[in-house]
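Q: So the protein lines, in turn, are chains A and B.
Take the first sequence: its position 63, counting from 1, is numbered 63 in the numbering used here, and each next residue is one higher.
Take the second sequence: its position 148, counting from 1, is numbered 148 in the numbering used here, and each next residue is one higher.
Please note: incorrect hints may appear among the correct ones.
With the C-beta cut set under 10 Å, the calculated list includes, among others, these residues of chain B facing chain A [unchecked claim]:
hint, residue
1, Leu125
2, Met130
3, Leu310
For the record, the hints were derived by calculation from the structure and aren't laboratory data.
As the structure is a prediction and not an experimental result, all values here were calculated from the model.
Idealized CB from N, CA, C, for every residue including glycine.
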Amino acid sequence: MSTVASPRQGGALYWPVQLRRNVGVRGLFAVVMAFLVAYGFLFPGLLTAAGFAKFTQSWFPLALVAMAQAILMLTGGISLAIGAMVSLGAVIAATTMTGPLGVAGGAAAVAVTGIGIGAATGFIVVKLRLPAIVVTLAGSFIIGGAALLILPRPGGAIPEWLSDLLAGNTPAAFVLLMLIVLLWKLYLATPLGLSLYAAGENPVGAYRSGVPVDGARVAAYAISGLLCTGAGLFVAAQTGSGDPVIGTAFTLNSIAAAVLGGIGFLGGQGTMRGALAGSLLLSLMISVMFFLGFTPVAQYVAQGLIIIGAVAIPQFRKVQQ
Amino acid sequence: MTAWKESVSGRRALTILRSRPFLTLAIVAAVWIAASFASRGFGAYGHLRYLVELAAVIGLVAAGQTFVVIAGGIDLSVAAIVTVSAVSLPLLSWQADPTGLTAVLAVLALTTTIGLVNGLGVALLRVHPMIMTLAMATFLQGLLIIIAGGSAVTAENPVVRWLGNARPGGIPAGVLLWVAVSVIVLAAMHATSFGARLFAMGANPLAATLSGVPVASTTLAVYGISGFTSGLAGVLVLGMNGQGYVGIGDPYLLASIAAVVLGGTSILGGLGTYAGTIPGAILLVTITALITVVNASPGWRSILFGSLILGLLLLSGREQARR
Numbered sequence: 001m002s003t004v005a006s007p008r009q010g011g012a013l014y015w016p017v018q019l020r021r022n023v024g025v026r027g028l029f030a031v032v033m034a035f036l037v038a039y040g041f042l043f044p045g046l047l048t049a050a051g052f053a054k055f056t057q058s059w060f061p062l063a064l065v066a067m068a069q070a071i072l073m074l075t076g077g078i079s080l081a082i083g084a085m086v087s088l089g090a091v092i093a094a095t096t097m098t099g100p101l102g103v104a105g106g107a108a109a110v111a112v113t114g115i116g117i118g119a120a121t122g123f124i125v126v127k128l129r130l131p132a133i134v135v136t137l138a139g140s141f142i143i144g145g146a147a148l149l150i151l152p153r154p155g156g157a158i159p160e161w162l163s164d165l166l167a168g169n170t171p172a173a174f175v176l177l178m179l180i181v182l183l184w185k186l187y188l189a190t191p192l193g194l195s196l197y198a199a200g201e202n203p204v205g206a207y208r209s210g211v212p213v214d215g216a217r218v219a220a221y222a223i224s225g226l227l228c229t230g231a232g233l234f235v236a237a238q239t240g241s242g243d244p245v246i247g248t249a250f251t252l253n254s255i256a257a258a259v260l261g262g263i264g265f266l267g268g269q270g271t272m273r274g275a276l277a278g279s280l281l282l283s284l285m286i287s288v289m290f291f292l293g294f295t296p297v298a299q300y301v302a303q304g305l306i307i308i309g310a311v312a313i314p315q316f317r318k319v320q321q
Numbered sequence: 001m002t003a004w005k006e007s008v009s010g011r012r013a014l015t016i017l018r019s020r021p022f023l024t025l026a027i028v029a030a031v032w033i034a035a036s037f038a039s040r041g042f043g044a045y046g047h048l049r050y051l052v053e054l055a056a057v058i059g060l061v062a063a064g065q066t067f068v069v070i071a072g073g074i075d076l077s078v079a080a081i082v083t084v085s086a087v088s089l090p091l092l093s094w095q096a097d098p099t100g101l102t103a104v105l106a107v108l109a110l111t112t113t114i115g116l117v118n119g120l121g122v123a124l125l126r127v128h129p130m131i132m133t134l135a136m137a138t139f140l141q142g143l144l145i146i147i148a149g150g151s152a153v154t155a156e157n158p159v160v161r162w163l164g165n166a167r168p169g170g171i172p173a174g175v176l177l178w179v180a181v182s183v184i185v186l187a188a189m190h191a192t193s194f195g196a197r198l199f200a201m202g203a204n205p206l207a208a209t210l211s212g213v214p215v216a217s218t219t220l221a222v223y224g225i226s227g228f229t230s231g232l233a234g235v236l237v238l239g240m241n242g243q244g245y246v247g248i249g250d251p252y253l254l255a256s257i258a259a260v261v262l263g264g265t266s267i268l269g270g271l272g273t274y275a276g277t278i279p280g281a282i283l284l285v286t287i288t289a290l291i292t293v294v295n296a297s298p299g300w301r302s303i304l305f306g307s308l309i310l311g312l313l314l315l316s317g318r319e320q321a322r323r
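Based on the sequences and whatever the hints tell you, model everything.
A: Put into structure tokens, the structure is as follows:
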């Protein structure tokens, strides 16, 4: 017994720590579960393979942009260019994949663009000390303009087999998401990943303790960019073509999902599982409203009200106590 | 004695020369002079007057934004409020009042209320300003489609038309309105206790609360002001356009924030002045005019606009290094 006790020490600590980190998002998990059950009850199609595939596919891009926003918010940043990045990813995928580059080359172009623009944004914000909100707001014009240059009107194409693989009746989206979550766990174990929370929570203290604060923040912007253009590639596969303004709605939704998931604006507060649950809740709400026949107008109004309510109610309770 | 006096005034002159509002003004002047040499029509009085007239709309929206940003918040719903104002005003033009002034006042009351609701969410429910105002923008966007149904509405209101087209003494009425608002804003910001509370709150909300600043009511006031000035900008833009439609206010979100930041106000709050936002607004309009002269495709125009703002920020908008 005692021989296995010492190597298990780390493992024994791991789960209590993870459970403690769930404290803030338990209520959210309960709400998401309740919504999922209600959704499965209303639309039994969710339990079939095809229904599950469709459901995860509508959630997937939102989950990616929620993660993209959450990484930045954990380091104390924010991006208002998420939507433009998604559009750019979609446009690049739709113009390169049927060309000489092929699917692999197109995917590489999407990834390199995401990482490159993300890292450049991070460099400007972190090294040149400009406020993130203003840089990304100006950046959204530059990135959106680039998307318009590549594809002035909706067009381009995604190879049919890729669309079928990603957005057909396969659980590919769910598998990919699990893979990304796994990669995120691995990233958190690397030196840069470990620095992420420290850099967001207390940058000065972290810097003085030898944490590579600037590096962690720039890396977060680069990863965030990659997730956004990746989401764009997926959206292009879903629709079968590219659209230079398809990502617009993702900017607000990414912030809403992250905040619903308990990520704080000040950095270092919240967990990625919370952000994912927040994006799932938002995606559920959107599909429920769609299936119940809400007009787009009523969807806007309801979405605005629900977001404020979901953020305000926990705060309000805290104030009253 | 005289030497001492001279050194004081010299130092004061140097402070003014180094101040951000002055620097932004200098950039505007430099761009105007350079552009009028490069392009024949640019420096004409009529064209410059037109630029200032366009800047008045941004300046009005940015007036409220300056208050909010100095108090440590941000208002992302200004574009939606401008649209609400420009779209709902034509629907309110009652026949009973021949001047149309009551309709304008009613719309301003409406937009101020929207701002106050933002303030309530931020101050009492403690929703983060960015979320509160973004959600408000989403909410208003839905509401607008119900009200206007996607079609353009024409304004028959005499006051609005006068504001958009009249030129008493050769100066556009909109610019006169902007001058009046600027005077009031600058006085409120730098010569009242309300203004002092604003800066205290933005610099350190906790310390401000502990020293007796009524944070909740000040926050409420700040967002109320932003709703009011955005509503005023909506009225002006409706008068200049003649028509209101959904999306008419969209350009003013980035413009208002950019004008505030270009003018030297810290986006983190507690530092800045509307005196910088004024040349900031004119600078933005000038950039847009220059890009139109270049005659590029929409994609390039968007890229140029974003890059120029980013470049100007690099020149002037950097935050202080952390100690």
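Q: Each hint: holds or not?
A: Hint-by-hint comparison with the structure:
1. Leu125: At about 4 Å, which falls below the 10 Å cut-off, the nearest Cβ of chain A leaves the hint on Leu125 (chain B) intact, so it holds.
2. Met130: Holds: closest Cβ of chain A sits about 7 Å from Met130 (chain B), inside 10 Å.
3. Leu310: Hint holds; Leu310 (chain B) Cβ to chain A Cβ min 5 Å, cut 10 Å.
Of the numbered hints listed earlier, not one is contradicted by the structure.
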